[in-house]
Structures are given as C-alpha cells and as structure tokens.
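Number of protein chains: 2
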Amino acid sequence: MDERKSIPVPAAARLCAVYRLLCDLSAQGVNFVSSGDLGEALGIGAHNIRKDISHISGGGSGRSGYDTARLKKQIAEHFGLENEYRACVTGLGRLGQALVRDGQHIFKELKIVAAFDSDLNRVETIDVGVPVHPTYEITETVKRLNIDTAILTVPDPTAQECAERLITGGIKGIMNFTATHLKVKGGVTVRNIDLAGEFKILSALMFLGG
Amino acid sequence: MDERKSIPVPAAARLCAVYRLLCDLSAQGVNFVSSGDLGEALGIGAHNIRKDISHISGGGSGRSGYDTARLKKQIAEHFGLENEYRACVTGLGRLGQALVRDGQHIFKELKIVAAFDSDLNRVETIDVGVPVHPTYEITETVKRLNIDTAILTVPDPTAQECAERLITGGIKGIMNFTATHLKVKGGVTVRNIDLAGEFKILSALMFLGG
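For the record, the sequence lines run as chains A and B.
So that you can map any letter, position 75 of the first sequence is 75 in my numbering, and since no number is skipped, the others follow by simple counting.
So that you can map any letter, position 121 of the second sequence is 1121 in my numbering, and since no number is skipped, the others follow by simple counting.
Honestly, the hints are just simulated from the structure, not real lab data.
Careful, some of the hints might be misleading.
To be verified - Pair ranges (Cβ atoms, derived):
| # | chain 1 | residue 1 | chain 2 | residue 2 | range |
| --- | --- | --- | --- | --- | --- |
| 1 | B | 1146 | A | 160 | 36 to 46 Å |
| 2 | A | 109 | B | 1030 | 54 to 64 Å |
| 3 | A | 124 | B | 1027 | 30 to 40 Å |
| 4 | A | 8 | B | 1168 | 35 to 45 Å |
| 5 | A | 156 | B | 1036 | 16 to 26 Å |
| 6 | B | 1186 | A | 136 | 49 to 59 Å |
Unchecked claim - Think about it this way: if two alpha-carbon atoms lie no more than 25 Å apart in a straight line, the pair counts; the simulated DMTMM-like pairs of lysine to aspartate or glutamate are:
| # | chain 1 | residue 1 | chain 2 | residue 2 |
| --- | --- | --- | --- | --- |
| 7 | A | 111 | B | 1156 |
| 8 | B | 1143 | B | 1127 |
| 9 | A | 183 | B | 1119 |
| 10 | A | 183 | B | 1037 |
| 11 | A | 108 | B | 1198 |
| 12 | B | 1108 | A | 124 |
| 13 | A | 183 | B | 1024 |
| 14 | A | 185 | B | 1040 |
| 15 | B | 1183 | B | 1198 |
| 16 | B | 1183 | B | 1127 |
Unchecked claim - Listed below are several chain B residues computed to face chain A (Cβ distance under 8 Å; list not exhaustive):
| # | residue |
| --- | --- |
| 17 | 1009 |
| 18 | 1012 |
| 19 | 1020 |
| 20 | 1041 |
| 21 | 1104 |
| 22 | 1107 |
| 23 | 1172 |
| 24 | 1193 |
| 25 | 1204 |
| 26 | 1205 |
As the structure is a prediction and not an experimental result, all values here were calculated from the model.
Virtual Cβ for every residue (Gly too), placed ideally from N, Cα, C.
Model the full assembly from the supplied sequences, consistent with the hints where possible.
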C-alpha cells in the first residue's frame, strides 16, 4: 500500500490515460505497443510513459514494447480501475441533469443510484431515471444505499455544506464541478472540474498566442 | 509578448484562479488581501502565489499584501480576461445541450452564437436558444459569424475531423470534452476536459486511499 501511494498524482493520471488507450487498442486487436506509440497517441513523451509504467511494473522494457493485455491488466489491478463504484449526483441544474442521464455512458464502472436537489418541487416532478431526494436526506440516503462517489453540481455557495453531508454519509470521492475549493478530511479524494475556470485558462492561453 | 508567453501554463492557470477569487473579494468589499489569504482559499501555498504574481507584477510584496482591485486589473490585462469571446457548441448530445443552454451563465465573457450537430433531424427540431447548423456547415458558419472559440462535445471518433473544420473556419481555442487527443496547428489552444478520464483518475486515487 505504501509503495502504491508513493506514485505522484500526475503519474497516476497519465497511467489512467494509458489504461484507456490500451482498452481501445485491445478492442482493435493490437497486441503489442511501444512507449513511443503510447506517447504519440497521448501527447506525452515516450520517456515519461516508460518512467510512469516503471512505477507499477518492475520488468519489461518500454523501448522494445509492451504486451497490450498484460500492461492493461497491471494498471487496472494497481489502481482498481475495473472496480465498480456507486454514485449520486447532487444538484440537478442542467449540467447535473445531463450528468445523471448520461453518466452511465460517460463514466463506465460508475453506477448512478440516486440524485439530490434542494428544490422540493423539482424533487417531486423531475424524471432523470434514478430516485431523486431532497438535499436534507443526503447523509441518510448515502449511508443506506452504500454510495461511495458523488458528482457535485450544486451552486457554489452550498458546495461545502453538501460535501460535508455527503462525507458524513460515507462518500470517499467527489467529482467537484463547483468553483468552491472543498475542505475535506483525510481519506476523501476530490477531483476538481471547474468549467468556468477552465474557460478562463483557455482564454488566457488564447490571448498569450496559443 | 515574449515575456508574457514565458509564463508556465500551470502558473497562468493558478493566476486565473486568483483572478476569479479577487472578483469575489471585490464584490464582498475586501480591499486588501495577503498571499496567505489567497493561498488558503485556493489550496495553494502562499509562496507559490507570490511567485506566480511576480511573473506579471514587478513591485509590491505579497507578504504585506495586495490591493485587491489593482491586482485583479493587472491579471485581467495581462491575460485579456475581460475580453469577450464568441463561441459555438459542436455536438448536441445531452452534455452539449446543457452547455449551450447554460454556457452563458457558466462561462462569463463567452457569447455562444451558434451550435452544430450531425443529426439533420435534430438540427431542424431542437431549440437551444441559438441557431443550430449541420456539421458540414461548420467552416463557413464559423468564418461568417467570426467565432473564435469552440466547445467540442461530439462523439470521440469524429472529434479530430470536427476540430479541423472549426480551425479552418478560424477557431483559435477549443474546450475539448472528448477523449480524443486533438492534433492542431500552432496558434490554436486546446484545453482538455475529459470527464471519463477524470473519473478514472478519481477512482484510482480513491483506491490508493485518498
């Protein structure tokens, strides 16, 4: 466990991208792949790819190539990538609704089992394909349905409070679509997907000249 | 221009986050802020905040603090953050529809003026508040409406082709929601927001123990 945890987050992120590419290559019947091929497809240097893979795999040289199926299995086992997660979407604005309806398709291995919204009228009338509960039932529902992952799409000012209710219920991971920097206790992972912030960064880089 | 371009992308990204925080602080009437306050709110070390700001501002010590309005203006001017951009959403699946309908609200300074979809039936029947065109009209429409920014929400296999049509039309920046690593020419900026990939990373970090 200690050895696993020592992988830097950016390396873990790149290995997740490698895993997804290996899934595609497997499906296409490609049995063997070099670090150069992987790097080319992902826009990462071959040397970095080899270094990342060396974190999880002792033997085998990336220069001569990797067995697609074997490397895919190694990465999946190392990071539990084929485990199933049970999720809820919290906040049913347009983005939240799109994610609860399409989530099963976008996020494989993620089973969305509930949604929450603070608008009681919306809770009673909306049909998104999973049961919808009022936000004051978050903690109890998360606990009862054994939900471990939350997609957070509430308005920024309520994000921290919702996150705390989710965590009290037992949530271990949050995909945070709000602009709020969540304060969470140890053992809870947050991945920030700040769309407004991403656009600001895009426009800044466009202004600087691409 | 050279000096501006020399700012590393992660520093530019952090300064964009600082800018958005300064907007909130300004609105709350906070006139003075320290690097420690900024860092605390953003989950970044105060030292890094000071170093990032030093890229764009010669004088003023972050240790004693910054004038909120002045720093906000400096960052905005440096990165053109208050410029307006004209955008299109390409691909009207659920996520694309949510983004075209809510984009104006999520992305300030972004004016969504058109949308595209390959499904001619959808093009004729959907109402998302802006004109919808078939994808074969991308290049001509982007050129005619002077669109500079694209939100790309098409299925992965068509992403590269759509990107090329957009760029031929004059697009300078793409928010790429597909899992495809786009190959673009110089002068075009791509910001990848790969939701499926982000979930894989979240699940990997959850598995490693948060």
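Against the structure, the hints:
1. B/1146 to A/160: 36 to 46 Å: This hint holds: roughly 41 Å between Cβ atoms.
2. A/109 to B/1030: 54 to 64 Å: violated (43 Å)
3. A/124 to B/1027: 30 to 40 Å: holds (34 Å)
4. A/8 to B/1168: 35 to 45 Å: holds (39 Å)
5. A/156 to B/1036: 16 to 26 Å: holds (22 Å)
6. B/1186 to A/136: 49 to 59 Å: Holds, at about 53 Å.
7. A/111 to B/1156: Between residue 111 of chain A and residue 1156 of chain B the Cα gap is close to 22 Å, so the pair holds against 25 Å.
8. B/1143 to B/1127: At roughly 23 Å apart (the allowed maximum being 25 Å), residue 1127 of chain B and residue 1143 of chain B satisfy the hint.
9. A/183 to B/1119: violated (43 Å)
10. A/183 to B/1037: Holds, at roughly 15 Å.
11. A/108 to B/1198: Roughly 12 Å between the alpha carbons, so the hint for residue 108 of chain A and residue 1198 of chain B holds.
12. B/1108 to A/124: It is violated: about 32 Å lies between the C-alpha atoms, which goes past 25 Å.
13. A/183 to B/1024: Satisfied, since the Cα-Cα distance of roughly 18 Å is no more than 25 Å.
14. A/185 to B/1040: With a Cα-Cα distance of about 16 Å, the restraint between residue 185 of chain A and residue 1040 of chain B holds, given a limit of 25 Å.
15. B/1183 to B/1198: Between residue 1183 of chain B and residue 1198 of chain B the Cα gap is close to 21 Å, so the pair holds against 25 Å.
16. B/1183 to B/1127: Violated, at about 32 Å.
17. 1009: Because about 7 Å separates residue 1009 of chain B from the closest Cβ in chain A, which is inside the 8 Å limit, the hint holds.
18. 1012: With a minimum Cβ separation of about 5 Å from chain A (threshold 8 Å), the hint on residue 1012 of chain B holds.
19. 1020: Holds: closest Cβ of chain A sits about 7 Å from residue 1020 of chain B, inside 8 Å.
20. 1041: Residue 1041 of chain B check passes; min Cβ-Cβ to chain A is 6 Å, inside 8 Å.
21. 1104: violated (11 Å)
22. 1107: holds (4 Å)
23. 1172: Residue 1172 of chain B check passes; min Cβ-Cβ to chain A is 5 Å, inside 8 Å.
24. 1193: At about 6 Å, which falls below the 8 Å cut-off, the nearest Cβ of chain A leaves the hint on residue 1193 of chain B intact, so it holds.
25. 1204: Interface hint status for residue 1204 of chain B: holds (4 Å vs cutoff 8 Å).
26. 1205: holds (4 Å)
Hint check: violations occur at hints 2, 9, 12, 16 and 21; the rest are consistent with the structure.
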